[in-house]
Amino acid sequence: MPSYEIAIEFKSGRVTRPMVQQIAGAAIHTRADVREVIIRAPSAAKTAQSAVADYNDDRASLKNRAGDPVRVTLALGPGRD
Amino acid sequence: MGYAMLRFVVDWLAGATRSSAIAVDVPVVRDASAILRFLKRQDEAANALTPRERGVRFHRDEFTRLFDALERWPTVEFITTHGLPIESVDDLPKSADGGIDVVVRIITPTEHGARIVAGRIRKMIVSQKYE
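Residue numbers (numbering that gives the first Met the number 0), protein chains in the order written: chain L, 0 to 80; chain R, 0 to 130.
Simulated from the structure, these hints should not be mistaken for laboratory data. Hints may be right or wrong, so weigh each one.
Output of the computed footprint for chain L on chain R, the stretches with three or more beta carbons under 8 Å from beta carbons of chain L [what the hints assert, rightly or not]:
{"id": "1", "segment": "7-14"}
{"id": "2", "segment": "44-50"}
{"id": "3", "segment": "99-112"}
{"id": "4", "segment": "122-130"}
Across the chosen pairs, the derived CB separations fall in these ranges [unchecked claim]:
{"id": "5", "chain 1": "L", "residue 1": "Ala-52", "chain 2": "R", "residue 2": "Lys-128", "range": "20 to 26 Å"}
{"id": "6", "chain 1": "R", "residue 1": "Gly-112", "chain 2": "L", "residue 2": "Ala-65", "range": "17 to 23 Å"}
{"id": "7", "chain 1": "L", "residue 1": "Ser-2", "chain 2": "R", "residue 2": "Arg-53", "range": "30 to 36 Å"}
{"id": "8", "chain 1": "L", "residue 1": "Arg-58", "chain 2": "R", "residue 2": "Glu-86", "range": "27 to 33 Å"}
We treat Cβ as the ideally placed atom computed from N, Cα and C, and that holds for glycine.
This is chain L alone, in the form it adopts within the complex (with noise of 0.2 Å):
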């Protein structure tokens, strides 16, 4: 049966661009099959923004190594307390 990978990264701190990249990088990495990365964090810097942003266009999208596109969210917010 298909099978579909979202990877989650929570972090407790702002995001920035570095973080992204590496959280990322370190998705595809591991799981080669993964097909969207979450990353759960209070708040994210804006060239993190836009390197997600750069990762999702359709031009230039970030590939699995099954070559299908992962899609990566940034799901910002304060935590329960």
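Given chain L, work out where chain R should sit, using these hints.
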């Protein structure tokens, strides 16, 4: 003009030695609120969570909310990046590992169904509405 001013000051000082001292009642401040606020701030700083503790708590809270929302979905399972199943929050990695915290694997009869489930999970996390 300058001489006149000097004369006035000298005369005034000479007169001051002969007159009685002026009693000034200096108000004494007995308000300790500033000290109490300072002590409270010191106490809060001493008991504040370290960045690591804050990160672990955030990680556990967020994962618990997601896990509670999805644990009864038959098409969804949680695994580590190494493929080991995660059945509770205790199975999560205990410290930063530079990798991915958790992988949600969706197994459905069709690709379209998997995309729909993925969309619902994404919406749940982005909107922070775990229902």
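The hints, checked one at a time:
Using a Cβ-Cβ cut-off of 8 Å, 0 residues of the segment 7-14 of chain R lie near chain L, which falls short of the minimum of three, so the contact claim is violated. Counting residues of the segment 44-50 of chain R whose CB falls under 8 Å from any CB of chain L gives 1; the rule of at least 3 is not met. Only residues whose beta carbon comes within less than 8 Å of a beta carbon in chain L count, and the segment 99-112 of chain R has 12; three or more means the coverage holds. Beta-carbon proximity to chain L at under 8 Å applies to 3 residues in the segment 122-130 of chain R; the threshold of 3 is reached and the given coverage holds.
Checked against the hint of 20 to 26 Å, the C-beta distance between L/Ala-52 and R/Lys-128 comes to roughly 24 Å, which is consistent with it. The beta-carbon spacing between R/Gly-112 and L/Ala-65, approximately 19 Å, falls within the hinted interval of 17 to 23 Å. Between L/Ser-2 and R/Arg-53 the C-beta distance comes to about 34 Å, which sits within the given range of 30 to 36 Å. A hinted range of 27 to 33 Å is violated for the C-beta pair L/Arg-58 and R/Glu-86, which are about 41 Å apart.
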